[in-house]
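K.L.:
Residue-level listing of the chains:
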Amino acid sequence: MALRTPLYETHLGSGARLTDFGGWDMPLHYGSQLEEHHRVRTAAGMFDVSHMLGIDVAGPGALAFLQRLLANDVAKLDAPGRALYSCMLNPSGGVVDDLVAIMLDPQRYRLVVNAATADKDLAWLRTNAGEFRVTITPRRDLAMIAVQGPQAREAVWAAHPELRAATEGLMPFTATEHGARLIARTGYTGEDGFEIALAAADAPALWQALRAEGVAPCGLAARDTLRLEAGMNLYGNDMTEATSPLESGLGWTVDRKAAERDFVGRPALEAAAPRRALVGLKLLDRGVLRSHMRVTTPAGEGEITSGTFSPTLGFSIALARVPRAGEAGPSVGTEVAVDMRGKPMPARIVKYPFVRHGKALIS
Amino acid sequence: MNLPENLKYTKSHEWVRTETDGTLTIGITDPAQEMLGDVVFVGDVKVGAHLAAGAVAGVVESVKAASDIYAPVTGEVLAFNTALDDSPDQLNEKPYEAWIFRLKPADPAQLATLLDAAGYAAAQE
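Chains as they are written, first to last, in the numbering used here: chain Z, 1 to 363; chain U, 1001 to 1125.
With the rest of the complex left out, here is chain Z:
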């Protein structure tokens, strides 16, 4: 049977259309994914992200362990509450998963990992814990609600006034523990907002309180169009165990400044220069770009890793992995052809993110 989050019954009562996602019964939408998308860009929407797993890594060896397992350097988290986006790599430099690491205190970190990869991640962490003095605790006792949009924070404070003082000063990509809740100013939409981890039993009440403040329930369908407009990778689409972060637009998350930091995957990344790059595409004709469509560029063939219709922009956009044209990589403005149902359709390489904070970044 499919797994269900603590908000499953709540979703049914709200008319959610459900879909299977990584073994979980999750809301796809509650009527219109386009409306949900626009609500997040212009007001506030919320997502049940309880299928994602929080994993606590604690103990005197926590920092050294995470410096070994994560491609980004957790040593950057120099104060409790600071958060970091990172990939976890395999020895060949492929991506085991992408995650957010939050320092709760110097010997205690919370990792937030993808739902479909959670069991694999947990096994990977445990396999590699070896000599490190750490305990690894999956937090399936928690639910997570992402509240996103320009009015998201105000809505949270209206629903729970006691949270205002604790979270008003939170900078982007930081978090704070408030009782049993962990509130992070993070998200996957390109908008402001919070992601709130809390006891599973408390999730329905928070959801209903936010709803009473006008926050729109949003499903995975809107989550996908929002994250793609925001230029954020989706694990399994844009990077996998078979692709390097350096060929997935994630070079900025691979920290090689400390020459002595021997993280898993580093030797493989340094052994070969990346030959492909992730680029943004804008479809110049009507239709919708989809993942796995073939892309023909002047430097050779590539493939779309994520594609959609952009509700904010009104045309189709995509991320595509294409050959690097020399050192500089494929240049913005280059016209390419996408094989759409057997027909070559014109598209242009563009910068991404495509949309941030409600504003179009390309036209």
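Take these hints with a grain of salt, some might be off.
[Said to hold, decoys possible] Cross-link-like lysine to aspartate or glutamate pairs, in silico, EDC-like; alpha carbons within 20 Å at most:
no., chain 1, residue 1, chain 2, residue 2
1, U, K1046, Z, D285
2, Z, K282, U, D1085
3, Z, K282, Z, E301
[What the hints assert, rightly or not] Far from chain Z, some chain U residues (derived; all Cβ distances over 10 Å):
no., residue
4, V1016
5, E1019
6, T1020
7, N1081
8, Y1096
9, L1111
10, A1117
11, A1121
Calculated directly from the structure, the hints in this document are not laboratory data.
We put the CB at the ideal spot given by N, CA and C, even for glycine.
Starting from the structure of chain Z, add chain U where the hints point.
P.N.:
Only chain U this time, still in chain Z's reference frame:
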């Protein structure tokens, strides 16, 4: 299921209305638009094309997926509803008013192969 009794249906989720002049008006059913979700593009319909029954007549793309639409019977494509160029979401809002294409059937006897509302509903079970 919202399935008007005066229409005929295909297993591939088209509805078909026979006009007084014998031509056919074709769209997608309410359950079909519900499955597709928000429609953002309708196209690739070639006016003047001669299509065999079951041949691809065009495409409906929602944010989620692309779905072919088919000729319910053999015939010639007479028209495409160009109003859908600007507002493809009409397929979601009023699926039985927002027609997609018109077809002149080659052999009216083929219409007997189409389903009625009850037959279509049963095919969805």
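K.L.:
Are the hints correct? Go through all of them and say.
P.N.:
The hints, checked one at a time:
1. Annotation: proposed proximity of U:K1046 to Z:D285 holds, straight-line Cα distance about 17 Å (limit 20 Å).
2. With a CA separation close to 19 Å, the supplied pair Z:K282 and U:D1085 stays within the 20 Å bound.
3. As the CA atoms of Z:K282 and Z:E301 are separated by approximately 17 Å, the hinted pair is consistent with the 20 Å bound.
4. Chain Z leaves U:V1016 outside its interface by the beta-carbon criterion, the shortest separation being 24 Å against a cut-off of 10 Å.
5. A cut-off of 10 Å between C-beta atoms confirms that U:E1019 is not in contact with chain Z; the least separation is 28 Å.
6. For U:T1020, the non-interface assignment is confirmed: its Cβ lies about 33 Å from the closest Cβ of chain Z, beyond the 10 Å cut-off.
7. With a cut of 10 Å on Cβ distances, U:N1081 stays outside the contact zone with chain Z, its closest approach being about 15 Å.
8. The non-interface label for U:Y1096 is consistent with chain Z: the shortest C-beta to C-beta separation is roughly 19 Å, beyond 10 Å.
9. Under the 10 Å C-beta cut-off, the non-interface status given to U:L1111 relative to chain Z holds; the minimum distance is some 29 Å.
10. At roughly 23 Å, the least C-beta separation between U:A1117 and chain Z is larger than 10 Å, which holds for a residue marked as non-interface.
11. Chain Z leaves U:A1121 outside its interface by the beta-carbon criterion, the shortest separation being 20 Å against a cut-off of 10 Å.
Checked against the numbered hints above, the structure violates none of them.
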